[in-house]
Amino acid sequence: MNFALSLPLEHVFVLAAALFCIGLTGVLVRRNVMFVLMSLEVMMNACGLAFVAGGARWAQADGQIMFMFILALAAAEVAVALGIVLQLSRRFDSLDVDSADEMHS
Amino acid sequence: MESLFYIAAVTALASTVLVVTGKNASHALIYLIVSLLSVAVIFFLLGAPFAAALEIVVYAGAIVVLFLFVVMMLNLGKGSVARESAWLRPRMWILPCLLTIPLFLGLVYALSGESVQTAASMVGPKTVGTRLFGPYLLAVELAGILLLAALVGSYHLGRRYLSERREEV
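So the sequence lines, in the order shown, correspond to chains C and R.
Throughout, the numbering used here is defined as the position within the first sequence, counted from one, plus 1.
Throughout, the numbering used here is defined as the position within the second sequence, counted from one, plus 4.
Any given hint could be a false lead.
[Claimed, not checked] DEER-style ranges, computed between Cβ atoms: (1) R/Arg-93 / C/Val-28: 26 to 34 Å; (2) R/Ala-143 / C/Asp-94: 35 to 43 Å; (3) C/Ser-100 / R/Trp-97: 26 to 34 Å; (4) C/Val-15 / R/Ile-98: 27 to 35 Å; (5) C/Leu-10 / R/Ile-11: 13 to 21 Å; (6) C/His-12 / R/Lys-27: 28 to 36 Å.
These are calculated hints, taken from the structure and not from any lab test.
Only a predicted model underlies this, so the values are computations on that prediction, with no experimental measurement involved.
Beta carbons: idealized from backbone N, C-alpha and C, even for Gly.
Isolated chain C, as found in the complex (with noise of 0.2 Å):
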């Protein structure tokens, strides 16, 4: 009676897989920076997913510590991220990525 063996390693990382696809999608369709920084969260999280999977498969700490390290991580690139959005809400009233493409010719 064992869960590890009933439950497929693959199927996890089908799931990481397409949690990651779907968030790619977002980052590359939408326009608006709040969902363009969902998106980003969603991939991070398939990500961790994948590495937790990893850890468990093996019965090692290492995947939760890496998973750990993208927590981290997605907390600084949110605090960043959310910063730059103030500025832009604030130069061009838009959260509109396309409005910041002064650099644009």
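Following the hints, position chain R against chain C.
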């Protein structure tokens, strides 16, 4: 036990699609919370209870709330009472509640029966902590420096004078 995983997986996929395709940012954040909760269920089933707790506390508790602060703050000027009530109209809560009901039923099932086993070799918080402050100590220090840099950077970006300087240009 396997079914719990598949229920959580379907919930995660559905709510993530709703996050990406949503139109209202605060609604999408609620779906993001549902997605993070279902991923936390999967972590628990994989035998990583500490990661599951961190997922809820840090992701759903801190990062999403930070998003919500900014969403609410940006709409403060032009936002009206009607808009605020439009955000929180009751119809909007139906789908997130329906999505979280399977997770809640899974929780009730896990608490009621003794039959639920997670992974055969559960990696507890003690093991994780011992590894974290042993071989990974340097990485922990680097993560601390990264967070400090993010703190300073976001403080600088959030200041007002950056927007005043633009008017001179």
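Do the hints match the structure? See the list:
1. R/Arg-93 / C/Val-28: 26 to 34 Å: For R/Arg-93 and C/Val-28 the Cβ distance comes to about 29 Å; the hint holds.
2. R/Ala-143 / C/Asp-94: 35 to 43 Å: This hint holds: roughly 41 Å between Cβ atoms.
3. C/Ser-100 / R/Trp-97: 26 to 34 Å: holds (32 Å)
4. C/Val-15 / R/Ile-98: 27 to 35 Å: holds (29 Å)
5. C/Leu-10 / R/Ile-11: 13 to 21 Å: holds (18 Å)
6. C/His-12 / R/Lys-27: 28 to 36 Å: holds (32 Å)
Hint compliance for this structure: no hint is broken.
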